[in-house]
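Enquirer: Sequence:
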Amino acid sequence: TRSTSSNFGSGAYSGSGLGSGSSSHKLCPVYVGKSRRQYMVSPDLLDHPLLRELVERSGGGEEIVIGCEVVLFEHLLWMLDNADDDTQPESLDELVDFYAY
Numbered sequence: 001t002r003s004t005s006s007n008f009g010s011g012a013y014s015g016s017g018l019g020s021g022s023s024s025h026k027l028c029p030v031y032v033g034k035s036r037r038q039y040m041v042s043p044d045l046l047d048h049p050l051l052r053e054l055v056e057r058s059g060g061g062e063e064i065v066i067g068c069e070v071v072l073f074e075h076l077l078w079m080l081d082n083a084d085d086d087t088q089p090e091s092l093d094e095l096v097d098f099y100a101y
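Under full-length UniProt numbering, read the sequence shown as residues 1 to 101, first letter to last.
Read the hints as simulated data drawn from the structure, not as lab findings. In this text, a Cβ means the ideal position worked out from N, Cα and C, and glycines have one as well. The reader is advised that the hints may include incorrect statements.
To be verified - Here are the simulated distance ranges between beta carbons:
id: 1; residue 1: E62; residue 2: N82; range: 27 to 35 Å
id: 2; residue 1: A100; residue 2: E62; range: 14 to 22 Å
id: 3; residue 1: G60; residue 2: N82; range: 24 to 32 Å
id: 4; residue 1: K26; residue 2: E94; range: 30 to 38 Å
id: 5; residue 1: M79; residue 2: C28; range: 16 to 24 Å
id: 6; residue 1: P29; residue 2: R57; range: 25 to 33 Å
id: 7; residue 1: E94; residue 2: V71; range: 29 to 37 Å
Build out the structure end to end from the sequences listed, making use of the hints.
Expert: Right under this line is the structure:
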């Protein structure tokens, strides 16, 4: 796995902050974009309907791959981290279409 850097890239993401390390959940590797940049994401975050749909659209396989531009995925992580828990996207399909290749 090659190492890359950005504000969020190749970091641990628990859904309650980046790289906090305090998550009691085992983080799962997620590969994003054509460069297959690796993110370590909590299972709770992967269970979000938007991320589940992005993973499903990207196809199956042993690895979790999301067909999305890296910068858009980083924006998505930020949005999910800063969203109100009670807020549900009005149109999940529109958001998925926006983020997916």
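Enquirer: Does each hint hold? Answer for all of them.
Expert: Results of checking the hints against the structure:
Range check, E62 to N82: about 31 Å between beta-carbon atoms, so the 27 to 35 Å window is met. Look at A100 against E62: about 20 Å separates their beta carbons, and that is inside 14 to 22 Å. Look at G60 against N82: about 30 Å separates their beta carbons, and that is inside 24 to 32 Å. In this structure the supplied range 30 to 38 Å holds for K26 paired with E94, their Cβ-Cβ distance being about 32 Å.
For the hinted restraint 16 to 24 Å between M79 and C28, the CB-CB distance of approximately 19 Å keeps it satisfied. The hinted range of 25 to 33 Å is not satisfied by P29 and R57, whose Cβ atoms lie roughly 19 Å apart. Range check, E94 to V71: Cβ separation about 19 Å, and the 29 to 37 Å hint is violated.
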